[in-house]
Amino acid sequence: MTEKPNLDYIKEISGGNEEFEKKFLTIIQTEFPKEKNEYVENLEQDNFEESAKIVHKIKHKLGILGLNSGYKLAVKYEEDLKYGDTKLKDEFYEILKSIEEFILKIA
Amino acid sequence: MDDEASARAIVEELCKTIPDMELVAEFPNALEALKFIKHTQVDLIFLDIHMPKLSGIDFIETVSNPPKIVLTTSDKDFAIEAYQYEFIVDYLVKPISSERFQKCASKLENTFGEISQEQTEINTVQNEDEDLYINIDRRLIKLKFKDILLIEAKGDYIEIQTQIKRYRVHSTLKKIKEKLPECRFLQIHRSFIINFTQIIDIQDNSVLIERSVIPISRSNRPELMQRLNLL
Chain A
1 MTEKPNLDYI
11 KEISGGNEEF
21 EKKFLTIIQT
31 EFPKEKNEYV
41 ENLEQDNFEE
51 SAKIVHKIKH
61 KLGILGLNSG
71 YKLAVKYEED
81 LKYGDTKLKD
91 EFYEILKSIE
101 EFILKIA
Chain B
1 MDDEASARAI
11 VEELCKTIPD
21 MELVAEFPNA
31 LEALKFIKHT
41 QVDLIFLDIH
51 MPKLSGIDFI
61 ETVSNPPKIV
71 LTTSDKDFAI
81 EAYQYEFIVD
91 YLVKPISSER
101 FQKCASKLEN
111 TFGEISQEQT
121 EINTVQNEDE
131 DLYINIDRRL
141 IKLKFKDILL
151 IEAKGDYIEI
161 QTQIKRYRVH
171 STLKKIKEKL
181 PECRFLQIHR
191 SFIINFTQII
201 DIQDNSVLIE
211 RSVIPISRSN
221 RPELMQRLNL
231 L
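These protein sequences, in sequence, are chains A and B. First residue of the first sequence: 1, per the numbering used here; consecutive thereafter. First residue of the second sequence: 1, per the numbering used here; consecutive thereafter.
Mixed in with the good hints, there may be bad ones.
[Unchecked claim] Not everything, but these chain B residues come out facing chain A in the computed CB check (under 8 Å):
1. GLU4
2. ALA5
3. SER6
4. ALA7
5. ALA9
6. ILE10
7. GLU13
8. LEU14
9. HIS50
10. SER74
11. LYS94
12. PRO95
13. SER98
Calculated from the structure, these hints are not laboratory results. Just so it is clear, the structure is predicted and the values come from calculations on it, not from any experiment. We put the CB at the ideal spot given by N, CA and C, even for glycine.
Model the full structure from these sequences, guided by the hints.
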């Protein structure tokens, strides 16, 4: 996994507005861990439909953080989950971990 | 409207780049938004499709008279379905790039430009239906603007010529001019205001309306010519 999260997209949107960047990162720092936990809990209970819905939400954040390959994987994984197929779960989990680390680093 | 706070923050920030746009509210779910638009008129909603409980599509189906909507979603598959609704202006796939948002802003400018033009046309039509009440011997008589041919100043009075009658009213051209719609009336001489839609012909420095020949002053002629649909 060579792809690393970055803030390029957020900087593009902010146009140099540091106040927005700060506010946005605070939102991600709050929102992402909740979504990750929800995803893990639902997957553990084999609640695939709900897991797919959370992957859908997380997918947006992968795009925001510049994880283009991760985004593509999430698109596929979301579809697979709707059919109960979890073969991409480990790869997806690696992506989640990289975001978690990134969030901790920028905190 | 989006259940993700991060998505709402991005749209909010992008909206700041559109000069005439004012963000009035944001909602994490469709139910709160439904309550809000019941008592507040909005022109546009940025709406997420995938939301818990009530989805964006459910919201669209629930609102009786929806405003213009831009869909924001991480799902490309809804595009065709979305455009079956005439009030959907655009479909933005998240994460929304600045460049794509600017394209959306141009679409919105065109859409709202057309709406504003339609509104002006409606107002013009309404003006044509409007009327003016004049006081004649303590009676208020209603005159429809479209029936007035011309108004002539006569000392302390004005005479209003309609297709069937001439009325003498104690007033001035200046006063009545303020009450007349500009889309129909024009002062062409210090003593005459005409309904220029009733002109039969223009010759030299005069116009013919019904059987009346009205002088055009040199200073008023350019504006009259401007108002006419000349070939």
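Next item on the list: If any of the earlier hints don't hold here, list their numbers in rising order.
Entry: none
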